[in-house]
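Peer 1: First to last, the protein sequences are chains P and E. Read in numbering that gives the first Met the number 0, the first sequence has 46 at position 47, and its numbers run on one by one without any break. Read in numbering that gives the first Met the number 0, the second sequence has 67 at position 68, and its numbers run on one by one without any break.
Read the hints as simulated data drawn from the structure, not as lab findings. It is possible that some hints are incorrect.
Pair ranges (Cβ atoms, derived) [to be verified]:
1. E/Arg2 x P/Gly9: 52 to 60 Å
2. P/Val239 x E/Gln131: 55 to 63 Å
3. P/Arg79 x E/Tyr145: 29 to 37 Å
4. E/Leu25 x P/Ile203: 16 to 24 Å
5. E/Lys128 x P/Ser186: 30 to 38 Å
6. E/Thr3 x P/Gly9: 34 to 42 Å
Computed list of chain P residues with no C-beta within reach of chain E, every gap over 10 Å [stated by the list, open to error]:
7. Asn14
8. Leu63
9. Met139
10. Leu160
11. Ser162
12. Ile203
Positions of the beta carbon are idealized from the N, C-alpha and C atoms, including for glycine.
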Amino acid sequence: MIVENLRSLGHRIVNTVWRIGYASRFFMLILLYSGTSFRRFHLIIKEIFASGVMSLIIILVAGLFVGMVLGLQGYETLKRYGSESALGSLVALSLVRELGPVLAALLFASRAGSAMTAEIGLMKATEQISAMALMAINPMARLVAPRFWAGVISVPLLTALFSVMGVFGGYMVGVVLIGVDQGSFWSQMQAGVDFRYDIVNGMIKSFVFGVAVTVIALFEGYDAPPTAEGVSGATTRTVVQSSLAILFLDFILTAFMFQGE
Amino acid sequence: MKRTTLDLWVGLFVVAGFAALTVLALKVGNLSTYNTSDTYQLQAYFSNIGGLKSQASIKSSGVLIGRVAQISLDSDRYEAKVTMIVDKRYQFPKDTFANILTSGLLGEQYIGLIPGGEEAFLKAGDEIKHTQSAVVLEDLISKFLYSKAEDSQ
Chain P
0 MIVENLRSLG HRIVNTVWRI GYASRFFMLI LLYSGTSFRR FHLIIKEIFA
50 SGVMSLIIIL VAGLFVGMVL GLQGYETLKR YGSESALGSL VALSLVRELG
100 PVLAALLFAS RAGSAMTAEI GLMKATEQIS AMALMAINPM ARLVAPRFWA
150 GVISVPLLTA LFSVMGVFGG YMVGVVLIGV DQGSFWSQMQ AGVDFRYDIV
200 NGMIKSFVFG VAVTVIALFE GYDAPPTAEG VSGATTRTVV QSSLAILFLD
250 FILTAFMFQG E
Chain E
0 MKRTTLDLWV GLFVVAGFAA LTVLALKVGN LSTYNTSDTY QLQAYFSNIG
50 GLKSQASIKS SGVLIGRVAQ ISLDSDRYEA KVTMIVDKRY QFPKDTFANI
100 LTSGLLGEQY IGLIPGGEEA FLKAGDEIKH TQSAVVLEDL ISKFLYSKAE
150 DSQ
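Looking at chain P on its own, in the form it has when it is part of the complex (with noise of 0.2 Å):
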């Protein structure tokens, strides 16, 4: 008995050792054929309508919406310490650095990374993953990456939109419903977000965020068994998967780059 569960445990250690490597060997395949998928660029415009246009709509609307909460939420807080002016700077600088970057992160996770993983995963289950290369057309080249640096584009520019509808959103809110002056949001704000410091930041970290979630998107699409309970599995995991990763990433990039002045 004990026997028989040190034996499976082991043998999941071995197993999720050997996907990491297995995984990184993908990577390493994604950026060897990029050269091939850049040449032919139609196949790559035709991702990032596929994944991030496709995703506009649920980006402005929760960006939109989030950032009407901050400004209620914050306008309530602030209010207690008599610095309701701080309303800009306190929206924009939780947007900027770490709600925009991780939420954006997040919908595009659940809302293109989980279809880039059905689709490849039933492109394999179908066998027209194998009929490519039976017809020397390589997976990696014409399938992989092409969706992978459609993310990678697309993420940080779906960022930028949804700070800016955060923004705009704790503006109606802020100045529009509740009225605090419109002069000292936008003074606040300007203020205290620091183009280099906060900004720049922000976009580092989305593009990180864009390469760990298609990556895994797509190597579970790759990776799934060919049934179709195989590829639901891959779905789940992708969606898990790339949540935990984009959680764990802000926490190690946040620790790197505000550790105080």
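With chain P's structure known, arrange chain E on it following the hints.
Peer 2: Frame of chain P, contents of chain E only:
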């Protein structure tokens, strides 16, 4: 390869994304207030800078004229050396005062410049001789308590 409606949508998406970045940089961030081309540096030594940070603002009569570039401890004088970047449009006399002030009761700290009366102006790299350190709340309270104690005797 011919143009498709798909290209239009992707183009719109990319343009909107970059427009959002520009809005973030100019409207939300402080990129519009950076004026790296026409500035000059000044130095000042303070015995205590309190909570002053780099990128803190430098004001004269309440108008933003520059930013703190660097803060370090001078190991010869054991005083804080503050490097300031000031807009070239504003020239200050040699006997200008530099004070570390606080905006509001608990706000962030900044450097206020009060011009003196001398004819010659400070040049790039010059040192502001007259400085006043940050007011530390604990010192203030202890002074107050001492004077109270002396009064009651």
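Peer 1: Hint by hint, note whether the structure agrees.
Peer 2: Against the structure, the hints come out as follows:
Range check, E/Arg2 to P/Gly9: Cβ separation about 57 Å, and the 52 to 60 Å hint holds. At about 58 Å, the beta-carbon gap between P/Val239 and E/Gln131 stays in the expected band of 55 to 63 Å. Remark: the range hint 29 to 37 Å for P/Arg79 to E/Tyr145 is upheld by a beta-carbon distance near 34 Å. For the pair E/Leu25 and P/Ile203, the supplied restraint of 16 to 24 Å holds, since their beta-carbon distance comes to about 20 Å.
The hinted window of 30 to 38 Å between E/Lys128 and P/Ser186 holds, with their beta carbons roughly 33 Å apart. For the pair E/Thr3 and P/Gly9, the supplied restraint of 34 to 42 Å is violated, since their beta-carbon distance comes to about 53 Å. Separation of P/Asn14 from chain E is adequate, the least Cβ-Cβ distance of about 39 Å exceeding the 10 Å criterion. Every CB of chain E lies more than 10 Å from the CB of P/Leu63, the least distance being 13 Å, so the non-interface label holds.
The claim that P/Met139 lies off the interface holds: its Cβ sits roughly 22 Å from the closest Cβ of chain E, which is beyond the 10 Å cut-off. Its closest Cβ contact with chain E, about 5 Å, brings P/Leu160 to no more than 10 Å, contrary to its assignment away from the interface. Non-interface call for P/Ser162 relative to chain E: violated, since the shortest CB-CB distance, roughly 6 Å, does not exceed 10 Å. Listed as a non-interface residue, P/Ile203 keeps its Cβ farther than 10 Å from every Cβ of chain E; the least gap is roughly 13 Å.
The structure is inconsistent with the numbered hints 6, 10 and 11, although it conforms to all the rest.
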